[in-house]
Amino acid sequence: LGIAGLPGFVSKSMEFAYGTSSKPLAEKRVAAVQTLSGTGACRLAGEFFKRFGLAAGNAIYQPNPTWGNHIPIFRDAGMDVQQYRYYNPANQGLDFKGMMEDLESKPDGSAFLLHACAHNPTGVDPSIDQWKEISQLMKKKKHIPFFDCAYQGFASGDADKDASAIRLFVDDGHLICLSQSYAKNFGLYNDRVGAFSVVCSDPEEKERVESQLKILIRPNYSNPPAQGARIVDTILSDDKLKAQWYAECKSMADRIISMRQILRRTLENDLKSQRSWQHITDQIGMFAYLGINQEQVNKMKEVHHIYLTNDGRNSMAGVTQANAQYIASAIHDVTK
Amino acid sequence: MKMATSRFVDVDLAPPVKVFALTARYREDNHPNKYNLGVGAYRTDEGLPWVLPVVRTVESQMAADPILNHEYLPVCGLDSFCKAATRLVLGEESASIAQNKATGVQALSGTGALRLGAEFFKRNLHMNVVYCSNPTWGNHKNIFRDAGFTEIREYRYWDANTKGLDINGLLEDLRAAPEDSVVILHACAHNPTGVDPTPQQWEQIMQVMKERRLFPFFDSAYQGFASGDLDKDAFAVRLFDKAGFEMMVAQSFSKNFGLYNERVGNLVVVATEPTVLRKVRSQMETIARPMWSNPPNHGGRIVATVLSNSDLFGLWKNDIKTMSGRIIEMRKLLQDKLRQQKTPGNWDHITSQIGMFSFTGLGPKQVNHIIEKHHIYLMDNGRINMCAVTSGNADYIASAINDAVTNVMEDPKL
Chain A
2 LGIAGLPGFV
12 SKSMEFAYGT
22 SSKPLAEKRV
32 AAVQTLSGTG
42 ACRLAGEFFK
52 RFGLAAGNAI
62 YQPNPTWGNH
72 IPIFRDAGMD
82 VQQYRYYNPA
92 NQGLDFKGMM
102 EDLESKPDGS
112 AFLLHACAHN
122 PTGVDPSIDQ
132 WKEISQLMKK
142 KKHIPFFDCA
152 YQGFASGDAD
162 KDASAIRLFV
172 DDGHLICLSQ
182 SYAKNFGLYN
192 DRVGAFSVVC
202 SDPEEKERVE
212 SQLKILIRPN
222 YSNPPAQGAR
232 IVDTILSDDK
242 LKAQWYAECK
252 SMADRIISMR
262 QILRRTLEND
272 LKSQRSWQHI
282 TDQIGMFAYL
292 GINQEQVNKM
302 KEVHHIYLTN
312 DGRNSMAGVT
322 QANAQYIASA
332 IHDVTK
Chain B
31 MKMATSRFVD
41 VDLAPPVKVF
51 ALTARYREDN
61 HPNKYNLGVG
71 AYRTDEGLPW
81 VLPVVRTVES
91 QMAADPILNH
101 EYLPVCGLDS
111 FCKAATRLVL
121 GEESASIAQN
131 KATGVQALSG
141 TGALRLGAEF
151 FKRNLHMNVV
161 YCSNPTWGNH
171 KNIFRDAGFT
181 EIREYRYWDA
191 NTKGLDINGL
201 LEDLRAAPED
211 SVVILHACAH
221 NPTGVDPTPQ
231 QWEQIMQVMK
241 ERRLFPFFDS
251 AYQGFASGDL
261 DKDAFAVRLF
271 DKAGFEMMVA
281 QSFSKNFGLY
291 NERVGNLVVV
301 ATEPTVLRKV
311 RSQMETIARP
321 MWSNPPNHGG
331 RIVATVLSNS
341 DLFGLWKNDI
351 KTMSGRIIEM
361 RKLLQDKLRQ
371 QKTPGNWDHI
381 TSQIGMFSFT
391 GLGPKQVNHI
401 IEKHHIYLMD
411 NGRINMCAVT
421 SGNADYIASA
431 INDAVTNVME
441 DPKL
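Protein chains in written order, with the numbering used here: chain A, 2 to 337; chain B, 31 to 444.
Warning: the hint list may mix true and false statements.
[What the hints assert, rightly or not] Simulated pairs of lysine-lysine, PhoX-like, Cα-Cα distance not exceeding 25 Å:
1) A:K51 to B:K171
2) A:K51 to B:K152
3) A:K141 to A:K107
4) A:K133 to A:K98
5) B:K372 to B:K403
6) B:K262 to B:K240
7) B:K347 to B:K262
8) A:K141 to A:K51
9) B:K48 to B:K403
10) A:K215 to A:K29
11) B:K48 to A:K215
12) B:K152 to A:K215
13) A:K13 to A:K251
14) B:K171 to A:K215
15) B:K152 to B:K240
[As the list claims (entries may be wrong)] Rough simulated footprint, nothing fancy, chain B against chain A, three-plus residues with beta-carbon under 8 Å:
16) 63-75
17) 186-194
18) 217-229
Hints were generated in silico from the structure; no laboratory data involved.
Backbone N, C-alpha and C fix where the C-beta goes; we use that ideal spot for every residue, glycine too.
Just need the whole structure built from these sequences, with the hints factored in.
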């Protein structure tokens with residue numbers, strides 16, 4: 002493939018994220034390349050920001066907490082990795098006030114990494130109204146929004162809904178950067194299918210940006226693998242296949258949503274836990290931040306043989322009809 | 031809706047990669063008799079890409095296999111692939127493998143393996159000097175530069191007078207290299223010249239590198255594809271391995287499996303002690319995870335399947351012989367045509383060179399003439415892809431070369 006990957010895949014990927022009625026797409030000013038899944042897109046973003054000094058202080062502000070790999074990716078890209086407040090442990094929800102304060106206090110023109118939907122690891126997303134406020138503040142501060150979108154379609158089951166934040170920002174006039182992964186929503190984990198895009202001011206700028214992205218890609222891996230990109234391109238280009246994919250992706254999302262409901266119901270109603278487990282159903286996507294501490298996590302592993310990360314992040318995908326009861330009992334046991 | 035002012039005003043338009051710019055130019059040409067001798071990919075005698083029959087067989091099997099899924103590979107890749115690939119280049123008899131002194135990490139083809147190795151050299155071994163042959167593959171220097179090397183040097187290689195190897199210049203330059211320099215060596219089928227050291231010359235190179243404590247980094251992109259013989263094409267790598275070197279090999283399966291776009295590669299690390307390899311692998315993971323997390327599965331699985339099944343392996347060896355055989359035939363054919371047409375000059379090098387490429391010895395003016403007048407596209411350094419030569423076009427290509435050599439004078443300096 003060319004350095005920028007499979008052209009059909011790239012263009013379908015852009016429509017998928019930005020929407021078919023997207024103004025920047027119609028105006029041919031979205032620079033876009035195929036990447037090695039989300040990791041490759043994030044790394045490319047970091048190297049691009051670094052090489053051209055695009056971010057104030059060469060810093061990237063990431064939510065606290067964020068996906069573990071975000072930190073070394075941007076560090077290895079040569080940027081200064083910083084954090085902004087995000088998760089509120091007191092209510093297992095969003096620390097919106099803290100986030101807005103940090104957006105306000107950082108230097109103008111700072112780069113902010115935003116999870117487009119289904120925040121990893123917390124599962125906590127801003128509401129659409131909160132996104133609107135975030136967007137306005139970021140405009141005022143001339144911040145660079147960099148969206149990491151790894152769960153489009155996989156979060157709510159509705160691909161357009163999951164892209165709401167992205168499209169809101171684009172409509173508000175932000176020149177966003179976007180990382181897309183097809184690992185989860187297409188189940189193509191090991192095929193490394195992704196894309197990186199930059200909304201530019203005009204088509205001429207798009208050409209310049211794309212040319213520099215290629216210069217960054219070639220000494221890394223030359224050109225991306227074809228297999229997975231071909232699959233996604235084929236599916237998104239055919240109405241029947243696309244509808245089939247939509248239903249299959251929705252079934253994954255639905256299964257996870259129902260597991261959340263079962264877990265919460267079992268804890269609150271059956272086991273009569275004294276705690277509130279509302280956050281399990283408020284949160285969205287693959288992960289639930291249970292709100293348990295390291296000691297409790299250890300007990301989950303040692304006593305109940307249930308493995309989750311030390312921050313209490315539970316992959317909801319690992320919960321099934323068969324084990325939901327067992328898992329709920331274990332959670333209850335370590336928190337009662 | 032007021033748009034944000036652009037931050038990208040200072041982002042310049044980058045020059046395109048030369049070889050792709052050449053292909054773009056070729057595509058835009060409407061001439062009925064045009065040929066692209068630029069990009070390095072195998073073509074059939076009909077001038078078409080070739081999916082190896084054994085690859086088609088395995089892909090069909092994989093597509094029908096209900097057990098296979100798309101779960102992430104480990105960071106270091108598919109273990110069966112890495113082991114088989116490492117064994118392929120070091121050989122079944124490798125003491126390094128037997129003594130657990132060799133390991134493989136799956137990477138994004140040769141480029142990815144080179145980059146992984148370069149990053150490791152820089153970060154973990156604190157090396158900063160790398161030597162590339164003059165000339166070398168266009169991307170070698172970029173890879174090491176982006177990995178943070180600031181001393182990117184050359185060793186003499188191509189002798190324009192003999193159209194062969196400047197062995198004395200090479201040895202002199204390596205003798206003068208500082209200890210712990212990384213030296214990129216083309217395992218076989220040197221790109222772009224097609225000129226390989228003889229076994230005796232490899233011995234000499236090996237001795238100098240031992241004396242000067244230089245670190246060999248083999249780029250092995252053509253094993254089997256060059257001579258048709260897997261062991262023969264691995265001679266240099268195995269020579270160094272037997273001599274007890276610590277070294278790395280960046281293996282690509284783009285050409286010998288025709289899996290160009292699936293990015294199948296393996297970084298082999300050979301150490302003198304087995305105990306260090308676990309640590310080395312852990313550092314490779316630390317580098318790879320923030321680059322690509324884990325490598326793509328499809329191509330690696332195809333290669334692993336073929337290499338570990340004796341029937342499929344036999345079929346693959348036939349496919350390799352088909353490709354290398356056709357290239358060798360085309361070399362002979364082109365040479366014959368050039369001589370038949372009484373083209374000025376000595377054309378021995380067309381058949382003494384090996385692999386995909388031939389350094390014709392044509393200068394930039396002659397190259398330009400061939401492109402403009404004859405619509406035959408080749409690199410300005412005179413490199414042609416022998417795979418693009420067919421029984422149908424050999425005559426035409428020979429006459430274009432003849433015309434250029436006869437009628438276009440190069441600057442004497444060259």
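Assertion that chain B covers the region 186-194 of chain A - criterion: three or more residues, beta-carbon distance below 8 Å: holds (count 6)
25 Å Cα cutoff - pair K133 of chain A, K98 of chain A: holds, 14 Å
Pair hint outcome, K141 of chain A versus K107 of chain A [Cα-Cα no greater than 25 Å]: This hinted pair holds, its Cα atoms lying about 12 Å apart.
Chain B covers the region 217-229 of chain A, three or more CB atoms within 8 Å, holds or violated: n = 12 at 8 Å, threshold three: holds.
K372 of chain B paired with K403 of chain B [C-alpha distance capped at 25 Å]: The hint holds at about 20 Å.
Holds or violated: K48 of chain B to K403 of chain B, with C-alpha atoms at most 25 Å apart: holds, 20 Å
Holds or violated: K171 of chain B to K215 of chain A, with C-alpha atoms at most 25 Å apart: holds, 16 Å
Agreement of K152 of chain B and K240 of chain B with the hint, judged by alpha carbon distance not exceeding 25 Å: Between K152 of chain B and K240 of chain B the Cα gap is close to 21 Å, so the pair holds against 25 Å.
Given hint K152 of chain B paired with K51 of chain A - CA-CA distance at most 25 Å: holds, 19 Å
Distance restraint between K215 of chain A and K29 of chain A, which requires alpha-carbon spacing of 25 Å or less: holds, 18 Å
Pair hint K141 of chain A and K51 of chain A, alpha-carbon separation not exceeding 25 Å: holds, 23 Å
Verdict on chain B covering the region 63-75 of chain A, where coverage means 3 or more residues with a C-beta closer than 8 Å: Coverage by chain B holds here, the residue count being 3 at a Cβ distance below 8 Å.
In this structure, every one of the numbered hints holds.
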